[in-house]
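If you read the protein sequences in the order shown, they are chains A and Z. Residue numbers for the first sequence follow the working numbering, so the first one is 1 and each next one is one higher. Residue numbers for the second sequence follow the working numbering, so the first one is 1 and each next one is one higher.
Hints are supplied without guarantee of correctness; some may be wrong.
Below, simulated DMTMM-like cross-link-like pairs (lysine to aspartate or glutamate); rule was C-alpha separation at most 25 Å, straight line [as the list claims (entries may be wrong)]:
{"id": "1", "chain 1": "Z", "residue 1": "Lys45", "chain 2": "A", "residue 2": "Glu83"}
{"id": "2", "chain 1": "A", "residue 1": "Lys69", "chain 2": "A", "residue 2": "Asp80"}
{"id": "3", "chain 1": "Z", "residue 1": "Lys39", "chain 2": "A", "residue 2": "Asp50"}
{"id": "4", "chain 1": "Z", "residue 1": "Lys45", "chain 2": "A", "residue 2": "Asp4"}
{"id": "5", "chain 1": "A", "residue 1": "Lys11", "chain 2": "Z", "residue 2": "Glu56"}
{"id": "6", "chain 1": "A", "residue 1": "Lys39", "chain 2": "Z", "residue 2": "Glu56"}
{"id": "7", "chain 1": "Z", "residue 1": "Lys13", "chain 2": "A", "residue 2": "Glu18"}
{"id": "8", "chain 1": "Z", "residue 1": "Lys13", "chain 2": "Z", "residue 2": "Glu43"}
{"id": "9", "chain 1": "A", "residue 1": "Lys27", "chain 2": "Z", "residue 2": "Asp34"}
Worth flagging that the hints you see were computed from the coordinates, not collected in a lab.
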Amino acid sequence: MDLDHYQYDIKYSFFEFEFISVGPKGKVRKKVKFLKIGKGIYNFSFADVDEMTGIDNDKVISNNGDRNKILATLANIIYDFTETFNDIIIYILANSASRSRLYQMNISKYYYEIEKKFKVFGYKNGKWQHFQPNQQYESFLVYRKTSLLQLIVN
Amino acid sequence: MNKKNKARKYTGKIIGTTPFGGIIIDEPNKYDNDPFFLKKAAEAKAHLEKVGLPKELMNRNK
Numbered sequence: 001m002d003l004d005h006y007q008y009d010i011k012y013s014f015f016e017f018e019f020i021s022v023g024p025k026g027k028v029r030k031k032v033k034f035l036k037i038g039k040g041i042y043n044f045s046f047a048d049v050d051e052m053t054g055i056d057n058d059k060v061i062s063n064n065g066d067r068n069k070i071l072a073t074l075a076n077i078i079y080d081f082t083e084t085f086n087d088i089i090i091y092i093l094a095n096s097a098s099r100s101r102l103y104q105m106n107i108s109k110y111y112y113e114i115e116k117k118f119k120v121f122g123y124k125n126g127k128w129q130h131f132q133p134n135q136q137y138e139s140f141l142v143y144r145k146t147s148l149l150q151l152i153v154n
Numbered sequence: 001m002n003k004k005n006k007a008r009k010y011t012g013k014i015i016g017t018t019p020f021g022g023i024i025i026d027e028p029n030k031y032d033n034d035p036f037f038l039k040k041a042a043e044a045k046a047h048l049e050k051v052g053l054p055k056e057l058m059n060r061n062k
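Just chain A, with the same shape it has in the complex:
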């Protein structure tokens, strides 16, 4: 997907990413961390950094006028992460119903592109299902589809 996004820094381990959101409210540092929570499963966490206190916050809505650009950057980070670790499952648990809805809306918006490379599951009403656009989910699981080329190489 070629959407407007921020450039981001990646630690050489490919488990930590940072970028700066720029908008009417100034610059807001954002950081993303993938932490292992199970065999081959990594949690995706995303937070704003308060530069005055150094405290991370994922509840704040920065209203910096760049929501779509931030979401596109997060999508690119997931592309990069899974390009490096293509066998890993990413678990995304939103911190609120509104954040979950935001993720769901954006996955839905670009699902045609996303499903070419990823399998996405959503958890709803006590069960997992293959992601369906315009459904609201509690959490998400994402993993990269194995390419034909990888199957041949392996």
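Dock chain Z against chain A, hints included.
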């Protein structure tokens, strides 16, 4: 690399770029023991243990 990136200060050396807009920095992880991320991971782990994996992924993950 554009001028904006050149103006950014990095403590580590830039060792590469990615096709999606990433700049790879020769720096170790900073947040492995960050309480915020550890708390988020613990919450996610507890949630995942409660809900389990989809059947399709259980087999994949054996």
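Hints, verified against the model:
no. : hint              : result
1   : Z:Lys45 / A:Glu83 : 23 Å, holds
2   : A:Lys69 / A:Asp80 : 16 Å, holds
3   : Z:Lys39 / A:Asp50 : 18 Å, holds
4   : Z:Lys45 / A:Asp4  : 32 Å, violated
5   : A:Lys11 / Z:Glu56 : 32 Å, violated
6   : A:Lys39 / Z:Glu56 : 15 Å, holds
7   : Z:Lys13 / A:Glu18 : 15 Å, holds
8   : Z:Lys13 / Z:Glu43 : 34 Å, violated
9   : A:Lys27 / Z:Asp34 : 22 Å, holds
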